Amino acid sequence: MAGALGASVHFHFSSSAANANLSANSGSVEGGGGTILFENGSFGGTARVQLYGFGNMDISTHDAGSVTIGSLEGDGKALLGARNLTIGSNNLSTVFSGAIQDGGLSGEPGGSISKTGLGTVTLDGANSYTGGTTVEDGTLVVSNSAGSGTGTGPVQVDSGTLGGSGIIAGGVTVGTAGGPAAFLAPAHATNKQATLTIQGALTFNSVSTYTYTFKAKKKLSKADKVIANGVTINSGANFVLSGITQGRLTQGLVLTVIRNTAQTPIVGTFSNLPDGAIMNVNGNNLQASYEGGDGNDLTLTVVP
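All you need for our numbering is the position in the sequence shown, starting with 1, plus 4.
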């Protein structure tokens, strides 16, 4: 669908997109792209939704609180209103570099995103939806370079993995008390070291895991880093070190695992990494400190 007239396809009543490929292509001017509308009690099924340029998808007038689609990709706009968009029912791995926002035909605020299914959804753009983000399965990668990849609301990882090298405006909570396994792993999607910036607070609940990836040689290192404005680590949270070392590392080399930008100390420790604990990687001893950096960061330092 494309063109100056802004052609659109409407899913009304109880109609379903099933497993269709739906594309809203760019027009020559804003408002001239294609539009995909989910209204009434319609269903997105496992549809592959592709939005390009001025093309958009609008779920803001849907009667239900949530619409599920198979996958989302492209660089167009997804307009949520106050509804929840659940992405991932077809288990594909896709990249969306467009904008996800409130508004749409309803003009309402409070839209939210849920990630489900086994695939990976990468959010590469600056998004402004306000209702929060939930990871229920698979992987959500945030790789934006400006703004917030997950809008302004909080991020909850119930199950699956959150990773990437982008920016998150809200707070992040990994895991639920006694729930399924949940992971924070910046390098998860690419196995390349990444810095994930969380402008709100970071909380690890029980049955959560922080997977930290690094590569080091003598006094040089490339490593993951999570930057967060306040850190709480509850009992039952675990730390996994995924590192490659080449030979003996220089004593005193410091790897910053979590940079805490708040003025307060890190609350709690990982269950398998108490303060002062030493981990051995290929004959190199790394000692943990929750008072590292400027006094309240989690660091690993090479010691004898």
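One thing to keep in mind: the hints can contain errors.
What the hints assert, rightly or not - Below 35 angstroms or equal to it, Euclidean Cα-Cα: the simulated DSBU-like pairs (lysine-lysine) are:
no.: 1; residue 1: K229; residue 2: K219
no.: 2; residue 1: K229; residue 2: K196
no.: 3; residue 1: K196; residue 2: K219
Claimed, not checked - The calculated label-pair distances, taken between Cβ atoms and stated as ranges, are:
no.: 4; residue 1: D67; residue 2: K219; range: 29 to 35 angstroms
no.: 5; residue 1: P278; residue 2: V13; range: 56 to 62 angstroms
no.: 6; residue 1: V271; residue 2: I248; range: 27 to 33 angstroms
no.: 7; residue 1: A181; residue 2: P308; range: 50 to 56 angstroms
no.: 8; residue 1: G111; residue 2: P278; range: 47 to 53 angstroms
no.: 9; residue 1: A150; residue 2: K219; range: 24 to 30 angstroms
no.: 10; residue 1: A150; residue 2: A24; range: 46 to 52 angstroms
no.: 11; residue 1: S246; residue 2: V99; range: 40 to 46 angstroms
no.: 12; residue 1: S239; residue 2: A68; range: 34 to 40 angstroms
no.: 13; residue 1: G114; residue 2: T305; range: 21 to 27 angstroms
These are calculated hints, taken from the structure and not from any lab test. Keep in mind the model is a prediction, meaning the values are calculated, not measured. Just so you know, even glycine gets a beta-carbon here, dropped at the ideal spot from N, CA and C.
Now the hints, each set against the structure:
no.	hint	verdict
1	K229 <-> K219	13 angstroms, holds
2	K229 <-> K196	12 angstroms, holds
3	K196 <-> K219	9 angstroms, holds
4	D67 <-> K219: 29 to 35 angstroms	51 angstroms, violated
5	P278 <-> V13: 56 to 62 angstroms	57 angstroms, holds
6	V271 <-> I248: 27 to 33 angstroms	31 angstroms, holds
7	A181 <-> P308: 50 to 56 angstroms	39 angstroms, violated
8	G111 <-> P278: 47 to 53 angstroms	52 angstroms, holds
9	A150 <-> K219: 24 to 30 angstroms	27 angstroms, holds
10	A150 <-> A24: 46 to 52 angstroms	33 angstroms, violated
11	S246 <-> V99: 40 to 46 angstroms	24 angstroms, violated
12	S239 <-> A68: 34 to 40 angstroms	38 angstroms, holds
13	G114 <-> T305: 21 to 27 angstroms	45 angstroms, violated
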